[in-house]
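Sequence lines, in order, name chains A and B. Residue 1269, in the numbering used here, is where the first sequence stops; the numbers in between run on with no holes. Residue 324, in the numbering used here, is where the second sequence stops; the numbers in between run on with no holes.
Mixed in with the good hints there might be a few duds.
Said to hold, decoys possible - Residues on chain B that point at chain A, a partial pick, calculated with CB under 8 Å:
# : residue
1 : Lys244
2 : Tyr265
3 : Tyr290
4 : Thr307
5 : Arg315
6 : Leu318
Said to hold, decoys possible - In the DSSO-like style, the derived pairs of lysine-lysine whose C-alpha atoms are separated by at most 27 Å in a straight line are:
# : chain 1 : residue 1 : chain 2 : residue 2
7 : B       : Lys322    : B       : Lys268
8 : A       : Lys953    : B       : Lys306
9 : A       : Lys988    : B       : Lys306
Just so you know, these hints were derived from the structure itself, not from any lab. The beta carbon of each residue, even a glycine, is placed where N, CA and C say it ideally should be.
The lines below spell out each chain.
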Amino acid sequence: MNDLIDKIQSKLKNLNYHDIISFLSPKIIFYKTKIGQKNYQLKQDLIPKNIKEIKLPPDLKYECSRIKINEEYEEKVKQAVNDFSKVLVEKFSKDNLIVFYNNINNLKICNEIIDNQYETDVISTGVYDTDNNSITINNDYFYEAIYHELFHMASSVMTDKVTYSGFFQLNNLTASSIGDGINEGYTEILTRRYFKFKSSKYSVEYLIKLVKQLEIIVGKKNMEKLYLNADLKGLVLELKQYLSDKEVMELLMSTDFILKYIYYVKTNLFEQKIIINNIKKSNVLLIKAYCLKLKKECLEDNTNINNLFDDLAEYCSKFPKILTLYKHKYEIFSENDLINIFKENFNNSNSDDIVSIKK
Amino acid sequence: MNSKKTFTIIDNLGNEVSYEILLAFYLYKTDKHYLVYTDNKKDKEGNLKVYAAIYYPNDNTKLENIKTKEEWDEVRSRLNDIKEV
């Protein structure tokens, strides 16, 4: 048991942080202001001559240097990687650390120091590149991004044909992919669970709620194991206990759709309705799966039916009822949806099965 | 909105000239600090005159010309971000 952990700790001690860090031409802006007019002419080679003294404002007297930047950044990265490794070793069994162990050896971390004074609609905080086993971090969001991207690193395997990253799979030949929505949602769940930092990726917020509901169905330990072993197939098999093949695909595809479109682009009313339909579809499938899971447990354990409905009610209460998209409010979960799911899953029962529901 | 920042150059004869700072930034790639500034005067076409130089935060006697096309491109790109549209 300790053999792999010893190896991981040994690798960490021997990691050369100077080499794993590279910079993507960052610039540090000390000061900027708006030019007061449209037209200006940049004059080259006109430095004043015979300078005796230059009086700069005090805040421009700060001297940057590569050595200073590298040292500060190395220290930050080293601390983050060590903290991350410590948590993984403490919280997860060694069977779930194989991918992490394989990737930590040649991990690269790139830093992008960018000016965020002028806001944009979407902030990119960080990215993990499976091809190069590299993480690129927006330095203004270092802690929000680093642990999230390290989780991607700890769950990614690349083969010639397929890239596996947590619950995401990409066909390297056709570029078709699946599972990105659930994967991003779960990566963020683990980041917040173990590191208490929130990613600033807006599109993940709603998915986190959905994927938490999925984790209740699959089980926390099981889902963490499947994720760290990049085992989407295992997750699909878990869901197929309760949903058909088609329904499992619908859940994966609708969560992918939600990730891509929920906040990233400005959508019109028609497009927003498509997003809402995908959310409703995900909700219905998750509740159906949970219903069937509870039903199965009820039959196996011979538990009280009231407990089943209590569990179900609590589960359903965690789904948001309203979602706002670009100032429009949508109902995404209603009593009618719930009643229809109950009727579908309990009224079709046989005589040995659980009795019909109460409204 | 930021209040205006200025810097002053004193020449060997004791003459002082103040310039308004438009931009001050550091480039990791060149390991240099850049100042982009204006004397708020216009040329014959009515364009605001803007200048750029390399400065040394810890040497208050030195300003250098920017020499490479890459650096000038960077200055232009930064200026483009701050010009009025």
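Status of each hint after checking the structure:
1. Taken as an interface hint, lysine 244 of chain B checks out: its beta carbon lies about 5 Å from the nearest beta carbon of chain A, inside 8 Å.
2. The beta carbon of tyrosine 265 of chain B is positioned within 8 Å of a beta carbon in chain A (closest approach about 4 Å), and the interface hint is therefore held.
3. With its C-beta approaching chain A no nearer than about 5 Å, tyrosine 290 of chain B sits inside the 8 Å limit, and its interface hint holds.
4. Look at threonine 307 of chain B: its Cβ only gets to about 12 Å from chain A, farther than 8 Å, so that hint breaks.
5. Nearest Cβ of chain A to the Cβ of arginine 315 of chain B: about 7 Å, under the 8 Å cut. The hint holds.
6. With its C-beta approaching chain A no nearer than about 7 Å, leucine 318 of chain B sits inside the 8 Å limit, and its interface hint holds.
7. Proposed proximity of lysine 322 of chain B and lysine 268 of chain B is supported: the alpha carbons are some 24 Å apart, at most 27 Å.
8. The hinted pair formed by lysine 953 of chain A and lysine 306 of chain B meets the criterion: a straight-line CA distance of about 13 Å does not exceed 27 Å.
9. This hinted pair does not check out: lysine 988 of chain A and lysine 306 of chain B have alpha carbons roughly 37 Å apart, beyond 27 Å.
In summary, the numbered hints that this structure violates are 4, 9.
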